[in-house]
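So the protein lines, in turn, are chains P and B.
Numbering-wise (our numbering), the first sequence opens with residue 1033 and increments by one.
Numbering-wise (our numbering), the second sequence opens with residue 495 and increments by one.
Don't take every hint at face value.
As the list claims (entries may be wrong) - With a cut-off of at most 30 Å between alpha-carbon atoms, the simulated DSSO-like pairs for lysine-lysine come out as follows:
no., chain 1, residue 1, chain 2, residue 2
1, B, Lys685, P, Lys1222
2, B, Lys702, B, Lys726
3, P, Lys1196, P, Lys1244
4, P, Lys1217, B, Lys633
5, B, Lys638, P, Lys1196
6, B, Lys633, B, Lys643
7, P, Lys1170, B, Lys633
Claimed, not checked - A few chain P residues that face chain B, going by a derived Cβ cut-off under 10 Å, partial list only:
no., residue
8, Ser1129
9, Gly1161
10, Phe1183
11, Gly1189
12, Val1216
13, Lys1239
14, Asp1251
15, Glu1264
16, Pro1280
17, Phe1309
Said to hold, decoys possible - To be clear about the criterion: a stretch of chain P counts as covered by chain B if any three or more of its residues have a C-beta under 8 Å from a C-beta of chain B, and this derived list gives those stretches:
no., segment
18, 1064 to 1072
19, 1075 to 1084
20, 1115 to 1124
21, 1143 to 1154
22, 1201 to 1208
23, 1228 to 1238
FYI, nobody ran anything at the bench for these hints, they're computed from the structure.
All C-beta atoms in this analysis are idealised placements derived from N, C-alpha and C, irrespective of residue type, glycine included.
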Amino acid sequence: MVREQYVTTTEESGVLSPVSEYIYMIGIYGWRKRCLYLFVLLLLIILVVNFALTIWILRVMWFNAEGMGYLQVHEDGLRLEGESDFLFPVYAQEIDSREDSALLIQSSENVTLNARNANGDVTGSVSVGPSQAEGFSKYFNISSNHDENLFYADGSGAIVGKGKLRVTGPEGALFEHSVRTPMVKAVLNKELKLESPTRSLSMDAPKGVHVKALAGNVDVTAHFDILLHSAEGLLILDAETVRLPKLPVGEAGTSGDSQGMYNMYEVCVCPSGKLFFSTAGVSSTCSESQDC
Amino acid sequence: MVRMMTQEQCPHRNNVQSTEKPQVYKVGIYGWRKRCLYFFVLLLMILIVVNLALTIWILKVMNFTIDGMGHLRITERGLKLEGDSEFLQPLYAKEIQSRPGSPLFLQSSKNVSVNILNEKKQLVSQLVAGSHGVHARGKMLEVKSSSGKLLFSADDHEVVVGAERLRVMGAEGAVFSNSVETPHVRAEPFKELRLESPTRSLYMEAPKGVKIEADAGDFQATCRSDLRLESKDGEISLDASKIKLPRLPEGKASTSGPRQTVFEVCVCPNGKLFLSQAGTGSTCQMSSNLCL
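One chain only, chain B, in its complex shape (with noise of 0.2 Å):
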């Protein structure tokens, strides 16, 4: 204005104020330099507002927050998320571990298989939990107690059980196709023993001998057919104070036919029975040299 009011004064004054200020000079943008400013300004102004676009863009996308994006959390250590991840190609870690007091689960709707590969990616371990059971698949499997101790395992040669105690609780109780190998068979306290074989025979044998025991009770056998008790290069001994033989048949007296030669069943003094042939009297001294 005070321009403006210069120059308005001039034409007024003529000559007079021509004279007065030619020092004064002219100040302002024209010609190619305003084209030229308001060009750049135009340019600067659609940078910023592209710029800004752009970056308003990436905030939205990524769910920006002041701490992170949407869930995710990226802090000086790693990596944070508090929503749910998903990855649809396979996701590469060195440890899986829970957070402090909460447990860890590895589901699915189909199968969780934990394969073990070697170097030239072949399967050699694996366990699947699946929808029909569970599947274990190796060289061994092995289960051990916190103290290291061996409870259970399982490879080519042979199942072992390690723990203090096996029980089979299955009211069909345990069979085995082949043989059971154990020194030791019990019966469970105040339980009886019974060994059985439904439809077959029961053979025991053992080479160096055999020793059955009662020590508060009666020993006894019994059968339909023929029971009999035999050695080959030994002896027979009965080995109590009474030996008794209910069922023995009574010899009768035949006044008839021919007399057929039996003998008369003799005891040493050592107890050894032998026979001796009878006669009208007892012949049992004649045959005495026997028990020597």
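Chain P on its own, in the form it takes in the complex (with noise of 0.2 Å):
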């Protein structure tokens, strides 16, 4: 348009021709042209680069329209439904399952619980391994639900609580000291048995030691000896009946040799059951030897 004005002009004659020379054709051409190109290419590479980097965003962590792969993102935390890796050590305060499942802790080696004081040394620990389950600590402790001791185990004892202790295993129990207890006692319907397979058994008590049978007999058998001391105190023999079943009965000799040879003897009583012996003669002495 400004060329036809000028081009009018000049056909016109010179009276318009001084105002057109003031007026420059401004636009973009030339050199300007190219750079405005070059320009926009530079942002569009730019562009597309960045497009790369978010497509490798999305990519690197499977976006999809929920999260990242099996993970959400929610405002309250995250939540994830597929299996995680964590090579190195997880510092949590609180790990629970969810309310309507288990929670399991499992591995090929060993599952270990370790608690520790301040200079960071281990001060219990529970161990389950292929071979052993393990526990160390200053003590270990089993309560009921209602906080009573059921258990107890340190370095100086180990302590059963209330109720009772049952020892089922076929070999029983093996104490390689002592057992302390006021009552040793049969099962119920069953024998009880002392038993010293290969050595003594002795049982010691300095106020006297009672054997009752109330409903049944008391029998003592031995391959040798059977011997019963009193050291200060009487030997007494409390029954109505008391029977010498395997007594030999002795034999007469000649009597002149009898009597030279051996001091005989004959057992007495007295009223009060006290036992005494008294020279043998040809007839009783009993009643001409009184100790009663």
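Put the two chains together into one complex; each comes in its own frame, and the hints tell you how they fit.
Following this line, the structure appears as structure tokens:
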């Protein structure tokens, strides 16, 4: 238009010609156009790179409409429905299962619970391994839901609390030293046997040993001697009948020889039951000797 | 340049040029279109730069690499993390498993506590490995062997040791406050068995009978004061071919004082002892009807 005006002015006459001299053609062409094209191209390249980066993010993070892969990010935390691998320690204050689900902790090696003190030394440990379960600590305590002590063990001993301790293994319990108890009793309807298979069995009590069988017998059997010994007191056989079933019967010898060779005695009894002996004669000598 | 030359030639040629090319039009971007273009390009540049900055910021913050974010890899089946991880709020999980060939540690600078809650969020079972000890709490604690055999269990009523054998190795042995119930008490081979009551009495009581056997040795009963064998309704039988009363006192002849009645000890053929009042001669025959 500017050019057209110029031509028109020229055609008309010199009157308009001075006016058109002040108008310059202004536009984008030439080197400016090429620069603009180049600049747009540059922006396009940056845009593509940026888009590639974004695609890269989406790809690496497995982005989908709900989250990243199986991972969902909520305002109150993360939720992961697949498996997660933690190759290094996981620090957490609390690990919970879902409300309707059990929490399973497993390993092909040991699973170990360690508690430490301020210095970092392990003070309590529970470990379950392929071949053994092990715990070490100052003490181990089992209590019921009512906080009653059921079992307690520490370096100085193990305590079984209320109720009773039952040992059901076929070899029973083995005490390398002593068992301290006020009573040893048999299982109901069974016999109680005290046995020392290869050595002796002894019963010691300063105030007396009492053997009672209120509805049966007391039998004492020995391969060799049975010795009843009282240091200062009496030996009392208190029964209606006292029997010596295997006493040998003496045989009469020649009167002269026997009298001269042996001292013989006769057993006599006081009214109180006290036994004493008296030198035997041809007839009873009990009445002649008295020590009642 | 071509156009510029054309333009330059035009003034010189004047009418001739104008007449020769009347169809040539001006081509360029100018006026309001130019300003819009400038503005648009500027806007595009700003957007691209901001977007790139945001993307780089994401990459930076997330520590992006080709495979993932820092040590975190998001895989098609879940998540993989090669560094330490830290959760400040509860971590909910269904299963915690160690890598194959690697142990699993749960450790803490205070306590490690495994809690089982019921539907009302009340604690029903608990295992605590702590700085002071290991504590288990619940209705029951059971320890079983790999084959499912019960080794140990503790509940409100009793503690059961089901292993083949329970061994108590402490130097002070075992202490039972109440009673020990067992069918058999046995000494170890080549060791003696002692039943001892250090300051009081010792009772052996069995209604159906007590049997004492020493198959390869002696039986010995020793006391300081009285030793009493008593049978309420039965008899006392001393069943041995030799019976000795080694410290029986000997009666002495007494010529003065009143004579007390004394008895003579007689023996039936079956060994039954009975008393007969002593006379000048033996009076056993007179009373032999007791032997019937």
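Would the hint on P:Gly1161 be counted as holding, given a Cβ-Cβ threshold of 10 Å to chain B?
For P:Gly1161, the interface hint holds, since the closest Cβ of chain B sits about 8 Å away, which is under 10 Å.
Verify the interface restraint on P:Ser1129: the C-beta must sit less than 10 Å from at least one C-beta of chain B.
With Cβ-Cβ at 7 Å, under 10 Å, it holds.
(request) Verify the coverage statement for the segment 1115 to 1124 of chain P against chain B, using a C-beta to C-beta distance below 8 Å and requiring 3 or more qualifying residues. (result) Holds: 10 residues of the segment 1115 to 1124 of chain P have a Cβ under 8 Å from chain B.
(request) Given the hint that B:Lys638 pairs with P:Lys1196, test it: the Cα-Cα distance must not exceed 30 Å. (result) This hinted pair holds, its Cα atoms lying about 19 Å apart.
- Query: Holds or violated: is the Cβ of P:Pro1280 closer than 10 Å to a Cβ in chain B?
  - Reply: holds (6 Å)
Margin query: What's the verdict on B:Lys702 and B:Lys726, does the C-alpha distance respect the 30 Å limit or exceed it?
Written below: Distance of about 14 Å is within 30 Å: holds.
Given that the segment 1143 to 1154 of chain P was listed as covered by chain B, double-check it with a C-beta distance under 8 Å for 3 or more residues. That given contact holds, which follows from 10 residues of the segment 1143 to 1154 of chain P lying within Cβ reach (below 8 Å) of chain B.
(Q) Next pair to validate is B:Lys685 with P:Lys1222; report whether the Cα-Cα distance is within 30 Å. (A) holds (26 Å)
- Straight-line Cα separation of B:Lys633 and B:Lys643 no greater than 30 Å? holds (20 Å)
For the segment 1064 to 1072 of chain P, do at least 3 residues have a Cβ located nearer than 8 Å to some Cβ of chain B?
Coverage by chain B holds here, the residue count being 4 at a Cβ distance below 8 Å.
Is P:Lys1217 close enough to B:Lys633, meaning Cα to Cα at most 30 Å? Judged against 30 Å, a Cα distance of about 29 Å means the pair holds.
May I ask you to test the interface hint for P:Gly1189 with respect to chain B, counting a Cβ-Cβ separation under 10 Å as satisfied? Hint on P:Gly1189: holds, closest Cβ of chain B at ~6 Å, below 10 Å.
Violated hints for the displayed structure: none, as all numbered hints are satisfied.
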